[in-house]
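A.B. asks: As given, the protein sequences belong to chains A and B, one line each in that order.
If you're matching positions, the first sequence starts at 1 in our numbering and goes up one per residue.
If you're matching positions, the second sequence starts at 1001 in our numbering and goes up one per residue.
Just to be clear, a hint being listed does not mean it is correct.
[To be verified] List of simulated lysine to aspartate or glutamate pairs, DMTMM-like, C-alpha gap at most 20 Å:
no., chain 1, residue 1, chain 2, residue 2
1, B, Lys1161, B, Glu1136
2, B, Lys1223, A, Glu6
3, B, Lys1147, B, Glu1132
4, B, Lys1076, A, Asp27
5, A, Lys2, B, Glu1219
These aren't lab readings, by the way, just hints derived from the structure by calculation.
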Amino acid sequence: MKKLIEVLWPSFLVAGVAEMLFFTVIDPQELYFFGEPVQVSEIATYSIGFFAFWLICAASSLTTLFFQRGSEEINHPERFHES
Amino acid sequence: MSEQATSSEAPGRAAASAQEESLYAVRQKVYVRAVSGMFAKWRWALVWFTQLLFYGLCWIPWNGRQAVLFHLVERKFYIFGWVFWPQDVFFLAILLIISAYGLFFFTAIAGRLWCGYACPQTVYTEIFMWIEQKIEGDRNKRMKLDKSDMSGRKVRVKGLKYAAWIALSLWTGFTFVGYFTPIRELVGSALTLTFGPWELFWILFYSSFTYLMAGVMREQVCKYMCPYARFQGVMFDPDTLVITYDEERGEPRGARKKGADPRALGKGDCVDCGICVQVCPTGIDIRDGLQYECIGCAACIDACDQVMEKMSYPKGLIRYSTENAVRKHWGMKEIIAHVMRPRTLIYGAILGVVTLAFVWGLATRSPLRVDIIRDRASLAREVADGYIENAYRLQVMNMTELPRRFALTLEGIVGLRMAGPETIEIGPATTEAVTIQVQIPYGTVEPGSHGIYLVVQALDDAEVRVREHTTFIMPR
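Chain A on its own, in the form it takes in the complex (with noise of 0.2 Å):
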């Protein structure tokens, strides 16, 4: 649960920072998904985006979590099984 939420909670504040930046300077009216115009209305294009953001932060997170663990942890896995 621990981890879960330090993947999480901090991949979302980015998201939201990234949502905000990324909008602010593209109309998503002028976004082709696939060399097709977006077809969504605004609202869910926000949405989806911003679920889009909060994925790629997460992989990021969860990416850097991974690589956290130290070589005890590594080779001897029995030992860590809490937390």
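Assemble the complex: chain A is given as a structure, and chain B must be docked to it using the hints.
C.D. replies: Below, chain B without anything else, positioned relative to chain A:
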């Protein structure tokens, strides 16, 4: 305060045995004891102020629209008389800088004022706890209820509390979305249950967030999730006002009979009643000194002052003070004298300059914006009567909420003329794309590129005028 200050209950938190399987660390549930006093009054004043603003502002009409509306679909932010466009992102950036420096400035002077009184996390937790207190009763009753076995009464009381929390959360979520979609349209959709899927989603999302943060997570948000709580310490210095326990005066702490002279007993002024711990929303003991968990809410000051009053001791065993003041036994006068110091002066100066820049920018913001680009299809073409014509695409943005007529004139080369209308009308808060053709007799100027200017002038206001540079190409 309804509960009696008894010394048998110390230390405060030990009585609360309920441990929660918590999200971050093993967490002892904090049963916050209600507190009254000067600082609690301030906090409630700010709860009222911020929430009247939040729940109320979206209902105020202005010029036939919502006064404050961040219209995402139209990509326009309406704030009373102003309409902001994506091009105005400069103002948003400046506003963020002002907020940051405001936060630094006030933190340097008096610690976590924001956290203790105005942060939404504090405000909603305060409201949620008030509901809890009204329904479940005071701290002792709540602890007893949680420990008691499941019963009809427990289900009823808890159910009522959760229902009230959910209702408030839903209203908060609805209001929040009402700042991004016109709220009166939302009411219409609510009455007919025809929300757009994403609107409904965001209402529920924000509602659950409110519920989770203020009802469940509470102090854990400040302790583990808030980025500001982690770095606020760097703004502190020995002259920052923080909530301080006067160790010299309080120690050695201990229980005593009312009216006993503490000095004769070899004791300090702290009666070790533990109430300062019971009222703490983050469940810390301020007597251990300044801790990053302390959100500066001053609940312990209010609580301790009441105990001191009962004991007929002077107030202020726990008080707003600075590290230097406690160490050097300064009075209020010296504390105030040390408010002005390089750190606060620098923060204050930056804050002042940026605020001035913001106000100046807002006051001189042109209600008209023009973009001119050459038509990419053709450089120049010959038209009748030996004239050479260049075409341009014009983006004219009328940022006011009234329709406006503009005159278009050309400068830069004598003899330039415009084919087509010389005035255009742009609707309220609208951008329009116009194509214009500029003509000049062949041979008037050397072949090549020449700088020209297009002047867009509002017909009703001489001040509203934009002069844009572009080029005219004369072929060989």
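A.B. asks: Of the hints stated earlier, which fail here?
C.D. replies: When the structure is compared with the hints, none of them turns out to be violated.
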